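Trainee: Here the protein sequences line up with chains A and B, keeping their order. Using full-length UniProt numbering, you'd call the opening residue of the first sequence number 1 and step up by one each time. Using full-length UniProt numbering, you'd call the opening residue of the second sequence number 1 and step up by one each time.
Any given hint might turn out to be false.
Stated by the list, open to error - The calculated BS3-like cross-link candidates involving lysine-lysine, where the alpha carbons are at most 30 Å apart (straight line), are:
(1) B:K2 <-> A:K213
(2) A:K217 <-> B:K82
(3) B:K82 <-> A:K409
(4) B:K83 <-> A:K251
(5) A:K554 <-> A:K459
Because the hints were derived from the structure by calculation, they are not lab data. Note that this is a predicted model, so its numbers are computed, not measured.
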Amino acid sequence: MIRDFFRVMVVDLSSGATRIAEHTGRAEFLGGSGLAALLFETYGHMDRSWDDPDQPLIFAIGPLTGYYPLMSKTCCAFRSPYHDEYTESYAGGKSALSLRFADLDALVVTGRAPRLTALCVGSGGTDLRDVEFLRGFDALQTGRVLRKMFPGAGRRSILRIGPAGENLSAYACINVDTFRHFGRMGGGTVMGAKNLKGICILGDQGFPLPEGKAYPKLYRRIFEQLTTTEMMAKYHGVGTAININPLNGLKSLPWRNLQATAAPAAEAISGERFADDVLLRNAACAGCPVGCIHIGFVRERFQANNQYLYRQVGYDYEPIYSCGGMLEVTDPSQVLRILDVIEKEGLDCMSAGVALAWATEALEKGVVSKGETLLDFAWGDAETYMRGVELISRPPNEFYRQLAQGTLKCAARFGGEDFACVLGQEMAGYATGEVFFVSEGLGFRHSHLDAGGYAWDQKHDEKDVDKALEFLIEDSRKRIVVNCMVGCLFSRGVYTEDLLAEALDAVGHTGFGSSLSAIGERVQRLRWRLRVRMGYDPRQVKIPKRYTELTTWKGPIDTDYLEALRTEYAARILSMAAPAPGSE
Amino acid sequence: MKALRAARMERCIGCHSCSLACSRQVHHFLSWNRAGIRIASAGGLSTGFEAKVCLACHPAPCAEACPSGALVQRRDGGVMQKKSLCVRCGLCAEACPVDAIYLDSENNPYVCIHCGQCVAFCPHNCLEMADLSPREKDGEADHD
Ligand code: SF4
Ligand code: SF4
Ligand code: SF4
Chain A
1 MIRDFFRVMV VDLSSGATRI AEHTGRAEFL GGSGLAALLF ETYGHMDRSW
51 DDPDQPLIFA IGPLTGYYPL MSKTCCAFRS PYHDEYTESY AGGKSALSLR
101 FADLDALVVT GRAPRLTALC VGSGGTDLRD VEFLRGFDAL QTGRVLRKMF
151 PGAGRRSILR IGPAGENLSA YACINVDTFR HFGRMGGGTV MGAKNLKGIC
201 ILGDQGFPLP EGKAYPKLYR RIFEQLTTTE MMAKYHGVGT AININPLNGL
251 KSLPWRNLQA TAAPAAEAIS GERFADDVLL RNAACAGCPV GCIHIGFVRE
301 RFQANNQYLY RQVGYDYEPI YSCGGMLEVT DPSQVLRILD VIEKEGLDCM
351 SAGVALAWAT EALEKGVVSK GETLLDFAWG DAETYMRGVE LISRPPNEFY
401 RQLAQGTLKC AARFGGEDFA CVLGQEMAGY ATGEVFFVSE GLGFRHSHLD
451 AGGYAWDQKH DEKDVDKALE FLIEDSRKRI VVNCMVGCLF SRGVYTEDLL
501 AEALDAVGHT GFGSSLSAIG ERVQRLRWRL RVRMGYDPRQ VKIPKRYTEL
551 TTWKGPIDTD YLEALRTEYA ARILSMAAPA PGSE
Chain B
1 MKALRAARME RCIGCHSCSL ACSRQVHHFL SWNRAGIRIA SAGGLSTGFE
51 AKVCLACHPA PCAEACPSGA LVQRRDGGVM QKKSLCVRCG LCAEACPVDA
101 IYLDSENNPY VCIHCGQCVA FCPHNCLEMA DLSPREKDGE ADHD
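Between the sequences and the hints, there should be enough to build the whole structure, so can you do that?
Mentor: Below, the structure written as structure tokens:
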């Protein structure tokens, strides 16, 4: 529905009350990331911690969601249990189109339910159900039950958490439609703190389309570009897992808790090997013809006499890096088995893998003992890692309670901070060099997707602080525009700002023309301002020692360059976060 | 005469491009329901996808159930729709053996008219326009 305001559903779990709120600001904030930040300013609390029941959990879509291919993601924003500051995370599945067809630009959940609850929202209102009986259920089982409780196969989205979210691990994820996740920064923890086990979004409405030929014609053009370009072939073919071999070749593949940046054994878990040996099929988010979701299978003998079971497990580059290379597990099936446990427990797979890698090295070095870990972690031992995942999700002792709050928190308590592979949160899989380490370490949501620092490292060996930071800031501004739409970042090469303006025009959101770039900058500043108001000081961010001991294709890490980038980026972030002139 | 066939659904990735295309181009609407073809998981995403789409029956139970003449038998299978005659009783949807007719909130039926516009939007070539076989023309179709 084309309108110049935002239609937001606000559900208060404490009272069970629901209302529709209308918010202005489309022209200034567009939607998605911008809308989420705007809503956090309205509904969030700067002076209360992340687990205050009144803090909002926000799901926002963009102006083009559903109108064009790959406009298929949802922005989830909240005060993170990981650092107690503002953050956001993105996922697709059917969540975005379900919100669109429920006629909502955003869903805001506040309050805390008295008992474990499932929330169903649709165009006709909400339904809150007591699901106390689902306490402790894993994310997949929970999905099965919720599918039975709420109607609408094929036109609804089901978001849910596993035990890790209930137990308030700081990196519990929200599982979306089985194979997608709001993975990072603890969205699942926020649901857990709200006693919210699941959310079902019914996309049970629709909208008349604009008259005239412009829209269908443009749709067809974009669809063709997205389904024929080479760029997208990478995502649906081998998928992002294709990165393993080239990163290994560039000595940029984190290996064995980053003790190495390349390993001959990496070939065994390359994207090509996964595709050949364990890829079962592909899947897609609703509204995306690319189909980048890769689903592998694990076949397991559970009893003698040829009794087998099989499971389907989604994979990608990041899960393979974190639960394969980082743990030196070099058999695709074993990697998938670890991922399967992480999926069920409802943890962020990158954080979980990196946490286990750190625990293994800490044990190896004698920093911690088996008295703490309870398990004999050893590189490559998938079986033990699977049990480790369960202990993070359901902590039996102080060690795991700390580890579930973040690797660096655990290291601060038990020792071993030097080799904790944490860049704001457990790192993404790019040991490409100084620019990436600073980009992820200080960046807004500590994600490799904030800006293409990894790509900069792979292409530039000159050391120009200004140029690198100009690139990071400009690239993140561009990504923010896509995140306001909330388009899939894989499509960012096709959806230029000119094309986005044309696409907005064709559906009736007129007048955006050249303002997209200004919107990107406005949202960039607003997000930083929110985080800084909640206590973020980028000058305090440390890059752990392990990162200075590496060698990449460019040679050893240059610590002076790293330090110069770090200091200057922190200064620029603070200047972006400064109050807009005349606003305060 | 041709009919739309969801011939290779085992290739389906659940992108909904087909139903969105039908909704957009045939019904000038944006929805994954108001469309001649609807995609559903066969019971959670790990079970794959099925298409809810008209099988082009001959005789067509939906047309036989229609009391107002809004749905009439197509010569070789399936139905034509005369929207102005529809009394929104919903009997057609009830009669369809494969849940191919979608009723919106006002009970307006949406059914595939076998125009084939969705086919070009399926990235995995799951859909095709097929000639109705003579056997189907005789009304002895076995749709198992
Ligand atoms: S709508 Fe259903 S009953 Fe009618 S022709 Fe199609 S499949 Fe047969
Ligand atoms: S053949 Fe035509 S009417 Fe039938 S589903 Fe495809 S686009 Fe819709
Ligand atoms: S367009 Fe093809 S792949 Fe996509 S949902 Fe339809 S049948 Fe499946």
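Trainee: Need the list of violated hint numbers for this structure, in ascending order.
Mentor: 3, 4
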